[in-house]
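Q: Residue strings, one per chain:
There are 2 protein chains.
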Amino acid sequence: LLSAGPVAVRAAVAIEKETPEEERPETFLRAADPAAATSVRARFERMIREAQDEVCAALEAADGGAAFKEDVWSRPGGGGGISRVLQDGAVWEKAGVNVSVVYGMMPPEAYRAAKGEPGAADPSAKAGPVPFFAAGISSVLHPKNPFAPTLHFNYRYFETDAPADAPGAPRQWWFGGGTDLTPAYVIEEDVKHFHSVQKQTCDKFDPSFYPRFKKWCDDYFYIKHRGERRGLGGIFFDDVNDYDQEMLLGFATECAKSVIPAYLPIIQRRKDTPFTEQHKAWQQLRRGRYVEFNLVYDRGTTFGLKTGGRIESILVSLPLTARWEYDHQPEVGSEEWKLLDACINPKEWI
Amino acid sequence: LLSAGPVAVRAAVAIEKETPEEERPETFLRAADPAAATSVRARFERMIREAQDEVCAALEAADGGAAFKEDVWSRPGGGGGISRVLQDGAVWEKAGVNVSVVYGMMPPEAYRAAKGEPGAADPSAKAGPVPFFAAGISSVLHPKNPFAPTLHFNYRYFETDAPADAPGAPRQWWFGGGTDLTPAYVIEEDVKHFHSVQKQTCDKFDPSFYPRFKKWCDDYFYIKHRGERRGLGGIFFDDVNDYDQEMLLGFATECAKSVIPAYLPIIQRRKDTPFTEQHKAWQQLRRGRYVEFNLVYDRGTTFGLKTGGRIESILVSLPLTARWEYDHQPEVGSEEWKLLDACINPKEWI
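Chains D and P, in that order, give the protein sequences.
My numbering numbers the first residue of the first sequence as 1 and each following residue consecutively.
My numbering numbers the first residue of the second sequence as 1001 and each following residue consecutively.
Here chain D stands alone, though its shape is the one from the complex:
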């Protein structure tokens, strides 16, 4: 659903239980939220909701039959979300596109640690819990065809309010997110196209973004106990606040807009590729790795499970089906081995 955001949030206490809603509200922001219409939080919420609409419409058109099922939910104290899932379509086995808005409280030590203050570990520096706001879009798309890759993207914005006992204290904010590709087979043309679109998007904002966020992605989606990455990467960044806020809002917006041009041309090319049972079994084994990463390492998933987020929204990232064979070793030089090699030794694709 949402990533954990800054280290701070991982220590936060449980959030309130969600309740289903009949209708999509205009906004999930609290009515009392200051400058509701023009604030970055309000503009970010509008951005992710537009992105959700656009991505879902494009996916439905590409699937050519199945429709997204929508669940709207809210929390009594403010916040909520819209989960959309397309299951057992013509092209996608399971596709989830969620937006959510969270109001919560984090312990003051976590807040100080996140700000990097030297007194972070000093228990004598008394302060109350810090209210935070988080909004994000999160999506995982698992196609049926073993030659059509899985896509994940997630963009999120995070803010702390002034603490209740220090009304003048500065407000903190962070952006995070990324888009990454997880194929079962390496088709160079596809991986190059995907990374090229990521680089073009990054380059519009800062020439350092693509190389930095590409490496961050390779480092983040690492299944430590396997010594391999979940897939072939893309871009990833977290807790970023050392650029102009407007620039980062623009960057996240552009990243979300680039999902469809980065992904759909690949799907159009591969959705009808003939395949064998062996190809399908290998895809299922890689889906098993996807499950391992998400349940063991992913910050958003593990944070969500621990804090009482909406379980079905969080776990919609898991594939419809997955497989674990004991000690499976692809034959050296095979197509399966090439994918595994690229997951073990990340490559420069462009």
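There could be a bad hint or two in this list.
Unchecked claim - Distance condition first, Cα-Cα at most 25 Å in a straight line; then the derived DSS-like pairs of lysine-lysine:
hint, chain 1, residue 1, chain 2, residue 2
1, D, K144, P, K1280
2, D, K224, P, K1017
3, D, K280, P, K1347
4, P, K1199, P, K1280
5, P, K1144, P, K1338
6, D, K306, P, K1215
7, D, K271, D, K192
8, D, K17, P, K1224
9, D, K338, D, K215
10, P, K1257, P, K1280
11, P, K1144, P, K1306
12, D, K306, P, K1224
13, P, K1199, P, K1215
14, P, K1204, D, K280
15, P, K1306, D, K306
16, P, K1347, P, K1204
17, D, K199, D, K338
18, P, K1306, D, K215
19, D, K144, P, K1144
20, D, K224, P, K1306
To be verified - Footprint (simulated), chain D over chain P, 3 or more residues, beta carbon under 8 Å:
hint, stretch
21, 1287-1293
22, 1316-1330
As the list claims (entries may be wrong) - If you only want the chain P side, here are some residues facing chain D, beta carbon under 8 Å, derived:
hint, residue
23, Q1087
24, H1225
25, R1226
26, V1296
27, L1305
Note that these hints are calculated values from the structure, not bench results.
From the three backbone atoms N, C-alpha and C, an ideal C-beta is built for every residue, glycine too.
Since chain D is already given, all that's left is putting chain P on it; use the hints.
A: Chain P alone, transformed into the frame defined by chain D:
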């Protein structure tokens, strides 16, 4: 593989990388291990290796075709294991029966905390790391037929040596383990038979064991984010050292011996039950829950993944295949609902 044992071990540092062996050694104990032949550690190792042989022979006979594949491995500093896996048999989709012996080091704070010493949190009480020994048998058996339940059992023995800087310090030991049943459908006759065998085994040693260890099992195999248990329980205990050591060794031995009489009669009755695609899909959804529990909560699995245990042995507990459907809700009153209800509200079966 092994459970984390006492809280202490979870903080232990990574263990050495394993190397494959051509032959099963007589023992995985270090040659220099004191009183090698008569010590509890030696007797426990012999017990689990005999149990592995007996269980594997009984499962192969019941499967009527498939044979276990064996991997033997050792670690340079002592210890090792035997992993046996039967995959895609006539009756079992995936069955793993592993034994292992581990020599490791745990931080002194963890050791003091495990002993319950009041000074546990006092950093001024200096001491070196504490060597530990652990041995265990661990098994998960996933049948193909949706009416034939999954079985898990694991019995382990744990000891600390005297710390290097305090040679006279007392040696600590603990036993842990359990046997539990995870069906996709509630067949009362089967669950009652399974729990009755657990109770009979417990009652030979202490009348308090079955009620205590039955509840401990219901509490342990809890998927917190779902509010439901993995299955229909059995017995579970951990860090137990408040009984006579010989009595507990005898109890663990008897528990391991009761696995086949508790489980095989159920398999014989259910392995050929006719089933539909719907039954199979529900079994696969419950297998997804099994994966969630093992990767997110199970102490043995999460400990093993973090400390560099043998990954294929640890993850052999995962089913061959599993399934996650978005927001699946069984119809109230259906057979699927009855299983879910029993996982949410644990029952007294006997």
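Q: Hints broken by the structure, by number, lowest first?
A: Structure breaks hints 3, 4, 10, 11, 14.
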